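Novice: Below are the chains, spelled out letter by letter.
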Amino acid sequence: AQSVTQPDARVTVSEGASLQLRCKYSYFGTPYLFWYVQYPRQGLQLLLKYYPGDPVVQGVNGFEAEFSKSNSSFHLRKASVHWSDWAVYFCAVSLNTGGLSGKLTFGEGTQVTVIS
Amino acid sequence: EAGVTQSPRYAVLQEGQAVSFWCDPISGHDTLYWYQQPRDQGPQLLVYFRDEAVIDNSQLPSDRFSAVRPKGTNSTLKIQSAKQGDTATYLCASSPSLISNERLFFGHGTKLSVL
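Chain order of the listed sequences is V and U.
Start counting the first sequence at 1; every next residue gets the next number (this note's numbering).
Start counting the second sequence at 117; every next residue gets the next number (this note's numbering).
These aren't lab readings, by the way, just hints derived from the structure by calculation.
These figures come from a predicted structure and were not determined experimentally.
Among these hints, one or two may not hold up.
Below, in silico cross-link-like pairs of lysine-lysine (DSS-like), each with a Cα-Cα straight-line distance of 27 Å or less [as the list claims (entries may be wrong)]:
id, chain 1, residue 1, chain 2, residue 2
1, U, K227, U, K199
2, V, K103, V, K69
3, V, K69, V, K49
4, V, K103, U, K194
5, V, K69, V, K24
6, V, K103, U, K227
7, U, K187, V, K103
8, V, K24, V, K49
9, V, K103, V, K49
Could you put the whole structure together from the sequences, leaning on the hints where they help?
Specialist: In C-alpha cells, the structure reads:
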C-alpha cells in the first residue's frame, strides 16, 4: 500500500533563511506526488505536483520540490522564507496507474514557524 | 468561481449524539472526497464518489458513519452515534475527474468536538 512519511513534525526557520521539508514515500513504481499547504484558518491548497519527467518541479510562491526515485523522496525547498509561509505543509501521494484512481494519501504534516 | 463549501463550520456534541456534515463541491466536479483530519495529523480518506457512485468506502466506519451523494452534486456525511475518538476536522474536497494526477480542491472543513 502507498504511504508517505514526513519525519519532521515541526520546523522553525528565520525569515529570509532557506527551508527544506522532507518527504519519503513508499510505493512500488513511480507515483504522482504533491505538496499541499494549510494556512491558519484556511483550507488545504495545492503548492505543486510532480508528474514523471523533470525531477525538479516549480510551484507557487517560490517553492520547488525535487523527486528522487533512488531515495524515494520528494523534498520541498524554498530559498528565502517569508513570514507568510507560516503554515502546515503536507506531502501526498497518488497511485500512478495510468487510469482512474484519485485516491490521495497524505503524510502527517510539518508545522513551519517563521521567526524574525 | 466558487470554491468547495462546507457547513457547519463547527459542531460540539455529547457522545451518542448524531451529526451531519454537508458539502457543496465546485460546479462540474464529478469526484467528491471526504477526509477526516485529527488534530496535528494529516487528512485520512474516509470515502469518495464519482458522480453518485461510491468508489471506495473501505475506511468509513460503517457501523456509525454513512455518506451519500444522491444526485452527484452535494454530499452529506453523517455520524450516527458520535464517540470522543471522532473529534477531528472533516474535510470535503472535489476534483474535475478521477484521474490519479488531478489536484483536489478543499473546503474549510467542519471542526467536530465530541465531549
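Novice: When the structure is checked against the list of hints, which entries are broken? Sort them ascending.
Specialist: none
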